[in-house]
Amino acid sequence: MMSNISFRRGTAFKKRFRKERELWVWTILAMIWLVIFFLIPLYGISYAFFNYVPGRKLSMEYFVGLENFRAFFKNPNWIHILRNTLIISGLNLSIGFVAPIILAFLFDELANINFKRVTQTISYLPYFVSWVVVASIMTTFLSSEGIMNEMMMKLGFTEKPIGFLTEGKYFYGIITFANIWKGIGWQTILYMSAIAGIDQELYQAGAVDGLGRFGMVWRIKLPSILPTILLIFILSTGSVLNAGFEQQLLLGQESTRDYWEVIDTYVYRYGIQLGRYSFSIAVGLMKSVIGAVLVVLTNHISRKLTDMSIL
Amino acid sequence: MRESYIKDTTASRIFDVFNIMLMLLLIFIMVYPFWNQLVVSLNEGADGQKGGLYWWPRVFTLQNYIYILSSKNLLRAVGVSVLRVVVGTVTCLFFSGLVAYITTIKWFSAHRVLRVVFVLSMYFSGGLIPTYLWFMKLGLLETFSVYWIPGLINAYYMMLIASYISGLPDSLAESARLDGANETKIYIRIILPMCLPVMAALAIMCAVGHWNSWFDVMIYNPSGKWNTLQMLLRDILIKSEKLQELMKDATSGSGQVKAMAQRITTNSMRAATTMVVTLPIVFVYPYFQKYFIKGISVGAVKG
Amino acid sequence: MKKFLALFLVLALALSMMTACGKGNDSGNGDSNDTANGKGYTKPEGEPNKYGWIVPKETIKFSYYDSADPADQKEEDERIQIMHDFYLNEFNVDITRILYNQDGTERLNLMLAGGNYPEMIVGMTDVMAEQFIHQGRALQLDDLLENYGQNIISGMGGYLNLLRNDKGELYKLSDSWGNTTDNRGRDFSVRYDLLQKSGLKVYDSFESFHNVVKTLVEQNPTNSSGEKTYGFTAFTNKGEEFYQAPLGYLGFLGTSTGYYKVDADDKITHWVDTEEGLEVAQYINRFWREGLIDPDFQTKDYDSSVAFMSNERVVANIGTWWHSYVGGHGVWSATEEDWDMNKRFINVTFEETDVTPALIGNNYIRSNRVILTDKCKNPEEIMTFLNWETTQWGQAFTAMGVPDGENKLWTVKDDGTIVVGDYYFYTPTTTDFNKDIAEEKNANWAYHIMAPAYMALDREPNEHYAPPIEQINLWDFIPDEKTLDMDRVAPDFAFDLDVVARYTKPYVYDATLWTVNFAPEDAETTILQDIKDNIASEWIKVITADSPEACEKNFNAMKEKLHSLGLDTLVEAQQKAYNENKEKFEGNFQ
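Protein chains in written order, with the numbering used here: chain E, 2 to 312; chain U, 59 to 361; chain S, 35 to 624.
One or more hints might be untrue.
[As the list claims (entries may be wrong)] The calculated label-pair distances, taken between Cβ atoms and stated as ranges, are:
(1) I124(U) x V36(E): 43 to 51 Å
(2) R71(E) x D176(S): 37 to 45 Å
(3) E252(S) x V136(U): 37 to 45 Å
[Claimed, not checked] The calculated DSSO-like cross-link candidates involving lysine-lysine, where the alpha carbons are at most 30 Å apart (straight line), are:
(4) K170(E) x K593(S)
(5) K91(S) x K161(E)
(6) K575(S) x K91(S)
(7) K566(S) x K58(E)
(8) K170(E) x K301(S)
(9) K409(S) x K195(U)
Rather than coming from a laboratory, the hints here were simulated on the basis of the structure. Owing to the predicted nature of the structure, the values given are computational and were not obtained by experimental measurement. All residues carry an ideal CB built from backbone N, CA and C; glycine is no exception.
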């Protein structure tokens, strides 16, 4: 009896080892690729702790420790910068995150396949229009002689033209609108593909249970793509400190700087443009660490709440 | 999808009407700037500088397009771009998908490590100069390989594909395993075809990413030998941006400033470059779109 | 599994640290001073050819990277082929101009990090030049200049000292130098035809300018499409020129760090700390309160400003003089059928107080640098060529390209006289010829390493030119300021000479000694950026205030804010830089 069991275990183990070996080959290859293209250049992170100048060999005399990190907080505006970053990202992660999902479902409800295809195609066209053009169009639209002000004055909402682009308080709304407008169609692509992958049998089961149209969405489709939604959301939290760059520089004006300066624009204007490379690398490192931590944290919360995890 | 088992109630019909109206509004808001760019691109340059173009060109001309399409090296740039898109997309999706598949094999001991390591790699980077120096050492400068080898495995795509694969029935792979197929074969023969919707969506994103890329061309292939279309056209665009920067502070009208001022390209030219780059995407897109807009039926499991 | 992961990470990090230790280049040997004497280079002998160049027996070959020009290499090579061949055939000099489609500073950093830079770099910023020099990548130029570059030494004069380091050693040169011949800078300008129609006198003070603008807007409330007109709008500077122009009239000097009032001892006060600053603010604010400034001036960019102006939405302009050209008759002369020559903006300069206005600053040594790197094999030959490039012949070739009688741009007679043709004169009816001919047929500006753009050499005016130049082309090089003959100057395309001559005067000030370049690690770098940012945003609040009291309040708020950001440190640094430059100029080194 004993010998039989051990014999069976032996074969199973051999088979498993053979299977795993194949996977191990691929894994090692993938890891090697990762080492080559990700890990080795990673030494660049150390520049954050030195006074680094391109071309100059690094040596201990240039070591500055955490000075480059402190430099970010020495600037009295850092609170504004962080606030703007979090608010704009927050809006992107909330409204800007939900909007494409809703739109994907709306697309899905369209009956005529051709109308659906055309609409979805047109919806992503703004993704390809550059921010320069978008900013220019929006500037004309929102100027004191623009259509927006004209309409609002005609409808009696206001007497004098409103400076949408010149008064800071409107900035968050404007940039969120611009971000959504530009990205929503493109972002529906992933959700549409997720919806397309739902097992047809689930619909039939739902019909048997007497679900109507809304029920289908709420009970079948949404839960089915929930893993995808969660995945994209968790990964997006890692980018919460990336609140945009080009849009701010283009849509932002001198008089609204307190509302549009975010980490990326600040690092560009005060780091790279002024030749302070170590500073920009240090801030980049801070962003990376915070981003990675957030992803792990959000994933943990997700696991606790929904039992779904991406790691 | 209009399944026959969904009841046709009044609420349902009202919703349809609202949906369609919303879509029409959406179409209008989305299409207008694109249409505007088309209009501007078909307008004569000097006239276009006066502004005020909205719905229709004022002085129609194809001059901007002729100028772009007769650029020397355009054909080669287009060729490089197309090659890059094809090679880059196929290899990236194949290998990202392979890694994704491996991370879904629960009995494989390293499946979680693999996933964690790749996810974390998305958030850290060594920076431009270390990467540049390393590529220089590897001999990747001034090559075509630099366009696709460093991008072979995309962690974000990997996660999405893995999520999709997890949603597929386990029996698919299991039955093949029992039949004695090795994992690679399973991946290629069974998993990949089942992932068509997500692969189609990611193919679009990856392809567009490659099509629009110019930064790596500028940094790693500056000699112009491996210029992509975007890089070629960017030459037209960047001149005007850089020169406007210079002109901003120039008070003197020296000969050089003047020579530069004459190189500033008009709005119309810039709009035409946008069109030249975007229209091919719009034409190719429907071929991919059909894979995730109609949906495929996941039916073959029981058989 | 965790053990595996840990082991893997440790190994990988160790591997990357090991490669890191090998990074960074060994500094190139900085002292290649012996190349000047030790290589057996002999000066070429013989008679110079008709262009003043002694043709060497063996071809001189060199290349340089023009980091200020992001043009496309292949396109540019084709364009300048004719010039390249000319130099090769007539001068036996083979020059290659390297270009990259990338921001120069970015590319230079990559080159420096990777150690693959060319033998000569032109058009680099001062900061980048210093970076190369500090890492020992640049050759010392003192001996080279002494032996082969006398023209450069005499041409630059005392200003050459400004390029030396603290020990008096010279490692970098400037890519252009000289006095500016523009006689206008930041100006008040007004629509000439509207002015004539109104019967008003040409303005001669701040008050009368205000009156003129107000009246013109009242008389011309809309353009032909019925859109409202305004006094003026902002160009790319988002309104900052509204204080820069008036301050210039009041004698304030503009430097790279800001505008200052300079007293007799060369001590400076920042303009926000002066009474005149407040007066200027109130002056502009009055325009705003009377609705004479375009309400969208903050959001205007270059294109929309040009469109605004060319659509006749403004009657005047405060700011850079040539903005009112590109937005005004630059467009009208090209697009209108029967363009009336008087339909243009004219600049008028006036002296309101007894202070001499300071309208345009001249930086004698400009802001781009040239270095010869340690990869250069034949610095003596290159210096000889540069020496020739700075002569009048070199400048002529640089600016006008290949002499070619056929194309009527310019040609050289056998006795060495330069004859310029019709296409040299930039007149309204031949707007495109000059550009087409000069760029495509003659390959002008094909190579420009050091030629001073304004022919600032001592010579008799028009000595080599036949026929004598009656009309001066504004855009190309013209005789230097000393020889500028106002009666014969026609910056506005050779018409209405008396108008121009009567109303503009050359108020150029020497801003060279005021230039200061902060290194990236200096505290002043960030302070300067902070100050710039905040002046830009606070100034807008100042001039868009609703009442004179609010304007003054905002002005004082701006002043306080700037001081809290370190304005005093900045002004001190600027003053110190001036004093040091002055010492250097006089040749006093430590």
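Hints, one by one, checked against the model:
1. In this structure, I124(U) and V36(E) meet the distance hint of 43 to 51 Å, their C-beta atoms being roughly 49 Å apart.
2. At about 42 Å, the beta-carbon gap between R71(E) and D176(S) stays in the expected band of 37 to 45 Å.
3. Between E252(S) and V136(U) the beta carbons are some 57 Å apart, a value that contradicts the proposed interval 37 to 45 Å.
4. Between the alpha carbons of K170(E) and K593(S) the distance comes to roughly 24 Å, so the proposed pair stays at or under 30 Å and holds.
5. Distance check on the hinted pair: K91(S) and K161(E) sit about 77 Å apart at the alpha-carbon level, beyond 30 Å; violated.
6. Of the supplied pair hints, the one linking K575(S) and K91(S) is violated, its CA atoms being roughly 67 Å apart against a limit of 30 Å.
7. Simply put, K566(S) and K58(E) have alpha-carbon atoms about 33 Å apart, too far for the 30 Å limit, and the pair is violated.
8. Proposed proximity of K170(E) and K301(S) is contradicted: the alpha carbons are some 42 Å apart, above 30 Å.
9. Taking the CA atoms of K409(S) and K195(U), the gap is near 20 Å; set against the 30 Å cutoff, the hint holds.
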